[in-house]
Structures are given as C-alpha cells and as structure tokens.
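Enquirer: Below are the chains, spelled out letter by letter.
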Amino acid sequence: MHRRGVGLAAFDRKQTTKRFEELSNSISQSQVTHLNNQLAQFRTALTHFASTHRDKIKSDPSFRHAFQQMCTSIGVDPLAGPRKGGWWAELLGLGDWQYELGVQIVDVCVSTRERNGGLIEMAELIRMVSKLRGVSGGSITEDDIVQSIKTLEPLGAGYQVVDISGRKMVRSVVKELDDDQTTILGLAQEHGGRVVEDMLIQRRQWSRERARTALENMLLRDGLCWLDDQDEECGRAYWVTSAMKWEA
Amino acid sequence: MALSTHTTSTGFLLPSIHSAPPFFTQQPNPATEAIVIEQWTKLILSYARHRNLFYLRVEDAETGGDWDEVLRNDRINRRLPPTHLSSILAGMVAKNVATYEPAKQTRSVLLYWRLPEEWAEVLHQWASTTGQMNTIMTFYEITDPPVNSPLTNIPLPLLRKAITILAKSNRAQIIAIADGEGVRFFTPAK
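Note that the protein sequences, when read in sequence, are chains A and B. First residue of the first sequence? That's 39 in our numbering, and the numbers climb one at a time after it. First residue of the second sequence? That's 0 in our numbering, and the numbers climb one at a time after it.
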C-alpha cells in the first residue's frame with residue numbers, strides 16, 4: 039500500500055488540479071467531470087458507511103478485517119492522509135487506536151525479552167496484550183497485530199513477524215546494542231572463548247529458549263562465533279574467537 | 000588455556016588453529032566456513048609437501064594412515080568428519096590446488112602442493128642436471144630412479160601433465176616404446 043496519497047485522501051490535496059490537467063490531455067472535459075462526480079459520490083458513500091458502522095469496526099475484529107480488505111481492494115489506504123492515523127483518525131477516531139495497540143505490543147515485547155531473548159510466539163503476544171487492554175479493549179486478532187507492527191516499521195526498532203517452522207513469532211531485536219550478546223561475550227572471556235547454553239542457564243538464570251536464540255544469532259546471523267559439535271560435555275559449544283587465547 | 004602450535008612425530012609443525020576444537024566442525028555460517036576451508040587447504044598442502052603425499056581420500060578421515068597427524072587431534076579429542084573433508088576437497092578442486100583423480104568421482108583427489116607447471120620445471124631441471132637430455136627414458140625410470148629425486152613416487156597422472164606442459168614449449172616429447180611410455184627431454188633450439 040502506498041502511503042504517499044494514492045488513496046482517496048490524496049484527491050484532497052493541491053496536486054489534484056495538476057493531476058486533472060494531465061488527465062484531461064487524454065480524456066475529454068465531459069468525461070473528466072463525470073469521473074469527478076463519481077469519485078465524489080463514492081467518497082460520500084464510503085464515509086457514510088464508515089461512520090454508520092464505526093462502533094462495529096472498533097469492536098468486531100472480523101468486520102474490521104473485512105473493512106480493511108475492502109479498502110485495500112479499492113486502493114484506499116486507511117493509514118494514509120494528512121492527519122496522523124489517516125482515514126481511521128478522520129472518520130472513526132481510530133488513529134489513536136492503532137498507535138495505542140502498537141505501544142502495547144512494544145510494552146509486552148520489552149518486558150518479556152529477558153525470558154525469551156526477543157522472540158515471542160504470536161499467540162502469547164495476543165494473550166498478553168489482551169490482558170493489558172482489559173475487557174473494554176475488545177478482542178484483538180493476529181491480523182490486528184500484523185497491521186500494527188507495520189506502523190512500527192518507520193521507528194526502525196526491528197519489530198518483525200517471522201515464521202519459524204510453522205509457528206508465527208514476533209521478533210523485537212534492538213538494532214544497535216544487543217545486551218545478550220554482551221553478556222555472552224563476557225562469559226566467553228571468562229572461559230577461554232567457550233560458551234554453552236547451560237552456562238547461561240545456570241550462571242545468568244536465562245531460559246533455554248533465550249540462551250539458544252542468542253547463541254544461534256551470534257553464530258548464524260552475525261558470524262561472531264564458531265561451532266564445535268564434538269563437545270564432550272554438551273555436544274554443542276560456541277567458541278568466540280576474539281576471546282580465545284592464541285599463542286603466536 | 001592458550002592454543003599452541005605442536006610438532007608431530009614426523010617433524011611437522013601444526014599451526015595453533017589445529018588446537019582449537021571448533022576447527023574440526025563444518026561451520027553453518029558461510030563466511031566463517033570459507034575461512035575454515037582456507038585454513039584446512041593451507042594445512043593439507045603443507046603437510047602433503049612435508050610427507051611427499053599426493054593423494055587424499057574422503058575415507059582417510061576414518062581409517063588410520065598417512066593423514067592421521069593432521070585429520071585428527073587426539074590431544075583435544077577431535078577429528079575431521081568425512082563430510083567436512085569432502086567439502087574441503089571440493090573447495091581445493093575449485094581453487095585448482097587439487098584435482099579429482101581418477102576423473103568423474105569426488106572421493107579422491109590428487110594434490111597440487113606443487114602446480115603442474117612447477118612440476119614441469121622441476122622435471123626438466125632434473126633431466127638436465129642428471130645428464131639425461133636427449134635420451135629416451137621410461138616413466139618408471141623417472142618415478143623410481145636409483146637416486147632419490149624430487150620426482151620419486153610422483154603419480155603417473157601428474158607426470159603426464161608435466162610432460163604435456165613441457166611438450167607445449169618444445170622441451171619434451173612422448174615416445175611410444177615397447178613396454179610402456181617413454182619420454183625424451185631436450186632444450187629447444189634458440
């Protein structure tokens with residue numbers, strides 16, 4: 039979906055005149071008038087529809103989803119427009135709703151990061167966000183989460199929906215400083231470069247999930263350590279080469 | 000817990016990386032594995048030159064033999080698995096420091112710890128200094144001379160390659176003889 043005013047809201051801007059000028063080169067004036075009228079009619083109808091069903095859109099996720107789908111198929115971007123939150127904000131007062139949900143998602147992800155290393159299962163995220171919102175929040179669906187995460191994209195915090203062997207997860211990794219990696223590097227220094235999951239569990243009270251995720255990220259994604267799959271104790275050990283002592 | 004070099008019983012100095020346990024594991028990160036393959040390649044060629052070994056087979060990783068000092072490190076209880084060795088061999092062939100020999104299989108390579116071009120020079124030089132220019136020699140006389148030479152035990156495929164290279168610069172000629180293959184070396188007319 040384009041944010042830069044491809045939707046109906048774009049026709050409100052000054053560029054409208056220019057567009058019509060270009061358009062009129064290929065279409066006759068009467069056709070242009072006709073088109074203009076049709077669009078105005080359509081817009082009115084959509085506006086009317088949205089206001090009439092405002093409450094339903096707010097409270098019923100499947101209806102909300104259907105409305106979103108309809109907007110997409112016509113080429114209307116509910117998030118575009120001059121006001122923050124776009125269409126939603128203008129007509130339904132829902133702009134804040136989207137951003138509020140975004141803040142709640144971030145809240146849950148940050149507070150569970152200790153436990154899961156920045157990777158949370160979709161189902162659990164929904165459960166915890168719903169708890170935060172309470173009864174009055176209405177029910178939240180996976181679709182709502184996905185849409186909301188899209189709005190978080192420009193923040194550059196790395197929030198992403200990922201699919202790991204069939205399970206949908208939400209990843210929230212801070213880009214610059216990964217505290218978990220710093221911890222692992224520290225442990226590596228203490229042990230001549232060798233780190234295993236058990237060390238992080240016993241000495242830092244991490245969950246196994248968090249230990250595994252952090253170590254695998256360092257190995258595969260960041261290339262910061264080497265794998266030893268013949269380790270006598272644990273079968274799988276990670277060696278941080280910068281922490282290993284080499285004789286010249 | 001410093002990782003150190005180690006001199007083997009045959010007098011070969013193993014690099015300190017050979018004392019690092021992860022060195023024997025095939026790395027899942029491609030960039031890291033590229034480094035691992037490069038290091039193993041250097042080590043293998045170096046050892047081959049030291050022991051005058053020409054062939055390396057995937058099964059050498061399993062069975063005891065000439066390559067044990069390198070393919071295993073019993074001090075840290077690690078060995079190079081056949082799958083990893085196979086991958087390293089492929090890398091060496093791609094870099095033209097080895098070739099699959101015999102052709103059309105991928106379990107055994109002929110190592111070029113000296114390139115065929117370099118072998119050609121060594122061969123020609125040896126023929127010259129031993130006063131055997133312009134004489135017809137059998138291949139056997141080259142690979143099994145009475146006095147040990149750099150060419151002693153050179154595998155026939157490699158010898159043929161070297162001779163072919165010399166032939167291109169008019170410094171050798173393959174001769175068909177009664178029982179086997181023969182060659183004559185000469186210095187090209189100036």
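Just so you know, the hints here were simulated from the structure itself, not pulled from any lab data. Since the model is a prediction, treat every value here as computed from it, not as a measurement. Every residue, glycine too, gets a C-beta built ideally from N, C-alpha and C. Some hints here could point you the wrong way.
If you anchor each label on the Cβ, the simulated ranges turn out as follows [stated by the list, open to error]:
{"id": "1", "chain 1": "B", "residue 1": "N152", "chain 2": "A", "residue 2": "G273", "range": "50 to 58 angstroms"}
{"id": "2", "chain 1": "B", "residue 1": "T9", "chain 2": "A", "residue 2": "E162", "range": "54 to 62 angstroms"}
{"id": "3", "chain 1": "B", "residue 1": "A93", "chain 2": "A", "residue 2": "K169", "range": "13 to 21 angstroms"}
{"id": "4", "chain 1": "A", "residue 1": "R259", "chain 2": "B", "residue 2": "E120", "range": "42 to 50 angstroms"}
{"id": "5", "chain 1": "B", "residue 1": "W125", "chain 2": "A", "residue 2": "Q227", "range": "37 to 45 angstroms"}
{"id": "6", "chain 1": "B", "residue 1": "T9", "chain 2": "A", "residue 2": "V148", "range": "55 to 63 angstroms"}
{"id": "7", "chain 1": "B", "residue 1": "T62", "chain 2": "A", "residue 2": "V148", "range": "53 to 61 angstroms"}
{"id": "8", "chain 1": "A", "residue 1": "W284", "chain 2": "B", "residue 2": "P29", "range": "31 to 39 angstroms"}
Enquirer: Now, for every hint given, state plainly whether the structure supports it.
Expert: Verification of the hints:
| no. | hint | result |
| --- | --- | --- |
| 1 | N152/B with G273/A: 50 to 58 angstroms | 42 angstroms, violated |
| 2 | T9/B with E162/A: 54 to 62 angstroms | 59 angstroms, holds |
| 3 | A93/B with K169/A: 13 to 21 angstroms | 56 angstroms, violated |
| 4 | R259/A with E120/B: 42 to 50 angstroms | 48 angstroms, holds |
| 5 | W125/B with Q227/A: 37 to 45 angstroms | 55 angstroms, violated |
| 6 | T9/B with V148/A: 55 to 63 angstroms | 59 angstroms, holds |
| 7 | T62/B with V148/A: 53 to 61 angstroms | 55 angstroms, holds |
| 8 | W284/A with P29/B: 31 to 39 angstroms | 23 angstroms, violated |
In summary, the structure is inconsistent with hints 1, 3, 5, 8 from the numbered list given earlier, while agreeing with the others.
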